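Visitor: In the order they appear, the protein sequences are chains G and V.
Just so you know, the first sequence maps onto residues 1 to 240 in the working numbering.
Just so you know, the second sequence maps onto residues 1 to 138 in the working numbering.
Any given hint might turn out to be false.
Estimated spans, in silico, between C-beta atoms of each pair [said to hold, decoys possible]:
hint, chain 1, residue 1, chain 2, residue 2, range
1, V, L29, G, W9, 43 to 49 Å
2, V, V45, G, A36, 41 to 47 Å
3, G, L73, V, A86, 21 to 27 Å
Bear in mind the hints are in silico, worked out from the structure with no lab data behind them.
Bear in mind the structure is a predicted one, so any value in this text is a computation, not a measurement.
We put the CB at the ideal spot given by N, CA and C, even for glycine.
Each chain, written out:
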Amino acid sequence: MPTDLHTAWLDLRGSPLFGAPLTLLAYLAACRIQAAFRGAALANPVLIGIAVVIAVLQLTGTSYATYFGGARLINLLLGPATIALAVPLVANLEHVRRNLAAVCVATVAGSVVSVVTGIALVRLFGGSAAIAASMAPKAATTPIAMGVAQVSGGIPALTASFAILGGIVVACLAPVVLRWTRVTDWRAYGLAAGTAGSGIAAAQVAPRNPTAAAFAGLAIGLNGLITAVMAPIIIHTWPF
Amino acid sequence: MLRHVSNIIMALATLAACQVAGVLGGRALGLPIPGAVLGMALLTVALLLRRRPPAPQAALTRTAGVLLRWMGLLFVPAGVGVMANAGPILAELLPIVVAIVGSSLAGLIVTGVVMQRMIGQRHTPPVPLEAQGMLHAD
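Could you put together the complete structure from these sequences and hints?
Guide: Quick look at the structure:
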């Protein structure tokens with residue numbers, strides 16, 4: 001390749017002209033694949049989209065930092081999208097008000113179970129204390145989870161990855177698992193998805209049912225608060 | 001058409017303004033809550049008070065519907081970051097995989113079952129988003 005062309009390519013890779021369209025195309029392809037599997041939750045477009053982008057980056061020898069320089073544009077919309085959860089929340093406020101006690105009890109229970117089982121499973125299967133502390137807050141929304149890892153001897157970058165992978169697990173398996181456990185109510189479905197899988201699980205349920213979206217949004221906020229308060233205490237008092 | 005576009009821009013600006021207010025407010029009060037989560041609470045309150053919303057309600061509802069429908073896309077750039085952490089993840093792969101899958105499902109089941117039990121076995125039928133004005137068919 002002529003040098004100036006090569007230089008142009010190196011510049012382009014870090015610009016939004018590379019990262020943003022690559023992300024969009026990968027995600028659109030992933031949606032097509034999911035449609036081909038008749039919308040199966042297991043063919044999660046976030047998971048497939050991430051895999052496609054990683055494959056392209058590996059093939060072109062592009063680093064994550066270079067890619068993210070351009071893809072930041074898309075990442076930036078995460079804030080407004082989270083705030084947009086207020087719209088279904090307000091539309092369903094009567095549902096929330098009528099079930100406030102249940103919402104609080106179920107979210108606290110799910111929150112504590114997520115943190116405790118996260119630490120316990122890492123330690124039981126021979127993982128280090130740093131991995132356990134990084135795992136503990138992973139069900140919370142990413143900025144809160146990273147903050148908890150920071151103050152608890154965890155590794156914030158790893159926590160961000162665990163949060164996203166956990167969200168994908170919930171998005172893929174929630175329909176099957178909740179059917180097995182007879183959770184048939186959309187309010188319970190949304191609350192469970194938001195508590196265990198945060199934004200990615202909310203993204204899976206939001207287009208399917210606005211009531212579930214409302215409870216998922218509420219759960220993200222509540223679980224974030226509960227985890228921020230209680231996870232550092234559990235990590236610090238953990239016996240093994 | 002122009003009115004339509006400007007309504008969408010106003011709706012996006014409203015969402016962005018909530019985030020700015022959330023970030024600044026959280027920082028000012030020293031709260032350990034991300035700006036977007038505080039912003040969601042602020043917009044909820046603003047919509048409830050509904051004193052002359054800055055963006056027309058219908059445009060805000062539709063813009064929110066589009067953002068939520070494509071929310072998965074917005075997680076891809078951060079998710080690709082798993083690639084940058086491949087080293088430490090592969091070093092302790094077994095405990096990490098078991099804990100991510102096991103504890104995510106444990107949290108999901110406990111929250112769902114407790115909620116379902118407490119609200120009784122009533123079933124809310126799935127209502128398509130189109131019917132609630134969240135999305136427009138395209």
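Visitor: Can you list which hints this structure breaks, lowest number first?
Guide: none
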